[in-house]
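Residues per chain are reported as follows:
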Amino acid sequence: MAKINIDGPQNAEVSIKIPCEKSFSEQLFIMEEYTRVHKEGKHLDKAQREINCIKVLLPALFRQNETSDLIAGRLDFLPIGFGSVTSIGGVGHYCVFHKLRAFKDVLDNEADKVKIDTLYDYWQTNDVKAIYCQDVLNEETGRFIDCKYPFMATARLSGMMLDYKRLLNLGLDGLIQLLESKNQNAFISASIQTIQLLQDVIEQQKEKIIEDRKTADESRKQELTLILDSLTHIKHNKPDTFHQALQLFWLYALCAGAINYGRLDDLLGTFLKNDIQNGTICEEDAYRYLKSLWLMIENRRTTVNGRIIVGGRGRKDIEGADLFAKLCLRVCKDTRYVEPQFTLRISSETPEYIKEMAYDCIASGATYPTLYNDDVNVPATMYGMRVEEEIAEHYVPFGCGEFVIQGKSIGTPNVLINMLKVLQMTMNEGYDPMDNEKRVGSIHVPNLVEYKTFDDLYNKYKEVLNHYYDLSVKAQMHSYKVMNDHVSFLFNSILMDDCISREKSLLDGGIEILGGTNETYGNINSSDSLYAIKTLVFEDKKYTLQEINEAALANFIGFEGIRKDLWNAPKYGNDHTECDALANDLYEHAAKGMRQRGIDAGMGYFLIVISNNQTNTDWGLQTAASYDGRRSGVYTNPANNPQGGAAKNGPTATLNSLCKFDAKYHGGSVQNIKFTPRMMQEDKIKVQALFDTYFKKGGCQLMVTVVDHGILEDAQANPQNYPDLIVRVAGYSAVFVNLNKDIQTELLSRELYD
Amino acid sequence: MINIFNIERFATHDGPGIRSVVFLKGCPLHCPWCANPESWDVEPQVLYSKEKCTNCQLCATVCPTNAISFVNDRFTYDKEKCNACKACEHACTQEAIEITGKKVNIQEVMDVVLKDVDYYNQSNGGITISGGEPFNQSEELFTLVQACKKEELHVAIETTGYTSLENIKKVEPFTDLFLFDIKHTNMEKLKKITGAHLEIILENLIYLTQKDANKVIIRVPVIPLFNFCEERIKEIIDLAYSIKVKEVHLLAYHTLGENKWDKIMKQYYSNEPMVRKEDLVPYIAYGESLGITIKIGG
Ligand code: SF4
Ligand code: SF4
Chain A
0 MAKINIDGPQ
10 NAEVSIKIPC
20 EKSFSEQLFI
30 MEEYTRVHKE
40 GKHLDKAQRE
50 INCIKVLLPA
60 LFRQNETSDL
70 IAGRLDFLPI
80 GFGSVTSIGG
90 VGHYCVFHKL
100 RAFKDVLDNE
110 ADKVKIDTLY
120 DYWQTNDVKA
130 IYCQDVLNEE
140 TGRFIDCKYP
150 FMATARLSGM
160 MLDYKRLLNL
170 GLDGLIQLLE
180 SKNQNAFISA
190 SIQTIQLLQD
200 VIEQQKEKII
210 EDRKTADESR
220 KQELTLILDS
230 LTHIKHNKPD
240 TFHQALQLFW
250 LYALCAGAIN
260 YGRLDDLLGT
270 FLKNDIQNGT
280 ICEEDAYRYL
290 KSLWLMIENR
300 RTTVNGRIIV
310 GGRGRKDIEG
320 ADLFAKLCLR
330 VCKDTRYVEP
340 QFTLRISSET
350 PEYIKEMAYD
360 CIASGATYPT
370 LYNDDVNVPA
380 TMYGMRVEEE
390 IAEHYVPFGC
400 GEFVIQGKSI
410 GTPNVLINML
420 KVLQMTMNEG
430 YDPMDNEKRV
440 GSIHVPNLVE
450 YKTFDDLYNK
460 YKEVLNHYYD
470 LSVKAQMHSY
480 KVMNDHVSFL
490 FNSILMDDCI
500 SREKSLLDGG
510 IEILGGTNET
520 YGNINSSDSL
530 YAIKTLVFED
540 KKYTLQEINE
550 AALANFIGFE
560 GIRKDLWNAP
570 KYGNDHTECD
580 ALANDLYEHA
590 AKGMRQRGID
600 AGMGYFLIVI
610 SNNQTNTDWG
620 LQTAASYDGR
630 RSGVYTNPAN
640 NPQGGAAKNG
650 PTATLNSLCK
660 FDAKYHGGSV
670 QNIKFTPRMM
680 QEDKIKVQAL
690 FDTYFKKGGC
700 QLMVTVVDHG
710 ILEDAQANPQ
720 NYPDLIVRVA
730 GYSAVFVNLN
740 KDIQTELLSR
750 ELYD
Chain G
0 MINIFNIERF
10 ATHDGPGIRS
20 VVFLKGCPLH
30 CPWCANPESW
40 DVEPQVLYSK
50 EKCTNCQLCA
60 TVCPTNAISF
70 VNDRFTYDKE
80 KCNACKACEH
90 ACTQEAIEIT
100 GKKVNIQEVM
110 DVVLKDVDYY
120 NQSNGGITIS
130 GGEPFNQSEE
140 LFTLVQACKK
150 EELHVAIETT
160 GYTSLENIKK
170 VEPFTDLFLF
180 DIKHTNMEKL
190 KKITGAHLEI
200 ILENLIYLTQ
210 KDANKVIIRV
220 PVIPLFNFCE
230 ERIKEIIDLA
240 YSIKVKEVHL
250 LAYHTLGENK
260 WDKIMKQYYS
270 NEPMVRKEDL
280 VPYIAYGESL
290 GITIKIGG
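For the protein sequence lines, the chains are A and G, in the order given. First residue of the first sequence? That's 0 in numbering that gives the first Met the number 0, and the numbers climb one at a time after it. First residue of the second sequence? That's 0 in numbering that gives the first Met the number 0, and the numbers climb one at a time after it.
What the hints contain is simulated information worked out from the structure, not anything from laboratory work. The structure presented is a predicted model; accordingly, all values stated were derived computationally and were not measured. Do not take every clue at face value.
To be verified - Facing chain G, from chain A, some residues (calculated, C-beta under 10 Å):
(1) K38
(2) D574
(3) T651
(4) N655
(5) Y693
Stated by the list, open to error - Have a look at the derived ranges for each label pair, beta carbon to beta carbon:
(6) G:C55 with A:N435: 30 to 36 Å
(7) G:Q266 with A:G560: 32 to 38 Å
(8) A:H708 with G:E202: 51 to 57 Å
Ideal Cβ placement from N, Cα and C applies to all residues, glycine included.
Sequences and hints are given; from them, build the entire structure.
Here it is as structure tokens:
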């Protein structure tokens, strides 16, 4: 038995998953079989053990295709299995303990329940993440997600964006040939078996389609024949048509457990263009295929992932890519799903009609596309990740907004810091006022009276932060080590530079750029707190530090005057020069501090991301009152945005504040803005000018929610009337009524511009 | 120093493009439907939100001039005594008191306005000076428009036109656009309800249109029981036509300013319903027939 229990939610899960199609006994059988093969593989090379295990899952877990599907491939997953991310299944050889327990609860047979207990026991010491947690979790480091701690760590391989171009250029037989030309070490030989397994998957899909065709009506028969022909072709050959290319890409992504898809316009645009030119398909056909893809991605329900990125610099065939982008914009506007997270990279070269379509899509309330500014992000990526321009041009945001280089880098966010808790500990001799636990390592944090100047306090805060930056790098590196000890991530490795040439799996030295990211939270609450302290205590001398801390410890009950002064002190998001400068100083401290530590540890890059996936709300619930006037238990500021209610000078002021952080130090930051439909329509030209100016001024990213006055309030009161009201949480969109109350309230608190 | 009560950034209704609107305090008119009644008095004053007040009476205790007192537990405020020290605002924990209006120097105004220059440039926007009646502080206004022109900003002034021709002549060369209010064409009615003299307003209007009619947009607040009838509105459009003004804005009366009347503790205009924008649509065609663009709203 492991001493550390990691049972509990492991990621934000808003969208309700579609249950596995198999019967409980079939599911149990697969999980037992997986466990048996895993156990027996103990002494095998990890790559061989991995492929043996995956063969238990694939093709078995593929489910029935839906009659609306225009490409084949729907995959279930179980509480035990193999994966890379927690959004679907888990990491490496995984067991999702709370889901396994839930599975046990639905079984009615006692003998089966005992079997589950046996599985649970086995995986407690074999689940890759559990092994990692065993090593890393301690009094300062919490499990992801356990918001009691100022710092959380996890093992996962999030945000893999594979080089599907290699797949489409070579085809499966071509990939096998390439692999066969290498030294046949355990990794290479398991990789060959991996591709062969994918061919088995395709064969099984063919059988399913043939079966479906028997009962289909005429028009469906035609569709199924198209799918069947494509499957037959891609089983060995590289794709010739758009449909074949789409089909091959999709099945590979499913098998790899990839839930972010990357620059599909660059991947598929030429196929599309050629097919249309030579009359194989018309635009409407392509539109239908993409609509089907959209639905199939939606049905995977990964909540914060599902990135499809179009537009931007570095695409080979711009004409084809833009054609593809245009169709995606149409599909996105028509479908209005929360996934895929449809993302548009724009630059000074983006054609006007694409920008126009994007605006209309956003104005319609789709919350997509999310906009990324290449003119800022490409140079920023060059610096941040230390890569050449041609490489930086292939940056892609995944999940809630972290950047990776498609096909070349790993950037999984395996550590998270709550900067506000760190400030509170700095104010309270190292103790977190929320639970009176001391969590500052061996750092001496003095009594408040010792801080004679603002810099005394600020420097001590930075010292404690540094301690957490150190922990971050260690925990991140260790996650790679543990994952590498146990798995090769074969499907991922095959399509990532430079694993095949180096004949090594991803984390074994195969990956070209070993990066990583650290999610930071409460950044703005912290800098606003510091600014309020600086002015009220050290400049105006209106209060002492003790008085302010005492008021916060009391959650401002009986100290309403102090709270009012703290809350009314200048806040980030209002274009206030000094306040924003302090926010920027803190940002750079974190960003540069983390980046340098990453470099020193031998990583390609290690960057902070200022994104959000409702963690600001979850963590806020367990974060004490702060010196910016925020009360205990209230959400912290979302991503890189002001605290709800703090931005009082309109969108230009807020966007000006947001532009002040130099993008080159971070690995992704998220800015949300909310407009009414009236403004988006009647003042369209002005809003467009607003966005354009923001991007010209150095804005790196923007996501827009369009919602009317009172709608969110009404939806909170009458959820039944709003089954498909989509809102932008921060790094992802969600159906508003599916969010829990605290998160809804946080969204309500954000400024709405009309 | 100039008395202002607000600077609104990203304003989209008062002139072309993205603008910042600087609201100057003080107005010689007293239109009973005014949406900014706190702008009438040039001096700063207390805004009081009854619904937030818990009647703790702390404000009266801290007020050094006894401007605030409680008569039968009712908040009473004597503007004449108030010196705008803000002690009451700071003391009130309920945020029930806000002092509106402050004296600032022109540079402070410019510092805020210049923060959005990039947005003006992108959208052909600029600064709009509104009120109150901006010409009520004509010297300060003159300094402000000069400062704006030095920064090459597009300058619009929203005015009732109720000021001396002298003032208009001075400011005109530094102004790109006048959003000129015409509320009524009947001298007596205008005088009775708002206190303004129509002949002065018209003299100024004609001066400006003779200088350059393209620099003038006529704005008409469309108010029930005052000017909301076909004859009146058409008269104003005809007036525009006769002096070659190419654009008229019909601003539908709304009651959104109502709670501000509560806050200055005065009775609001009437219980008339808001004017619906749809009711103003027919005038678009009428304007068109005269070659005038009619816009509903700003
Ligand atoms: S201090 Fe505020 S709450 Fe108390 S009586 Fe005055 S206005 Fe009302
Ligand atoms: S601003 Fe000063 S003088 Fe005026 S009412 Fe408030 S406390 Fe009294």
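Status of the hints after comparison with the structure:
| no. | hint | in the structure |
| --- | --- | --- |
| 1 | K38 | 63 Å, violated |
| 2 | D574 | 5 Å, holds |
| 3 | T651 | 5 Å, holds |
| 4 | N655 | 6 Å, holds |
| 5 | Y693 | 8 Å, holds |
| 6 | G:C55 with A:N435: 30 to 36 Å | 34 Å, holds |
| 7 | G:Q266 with A:G560: 32 to 38 Å | 33 Å, holds |
| 8 | A:H708 with G:E202: 51 to 57 Å | 43 Å, violated |
When the structure is compared with the earlier hints, violations turn up for hints 1 and 8 and for no others.
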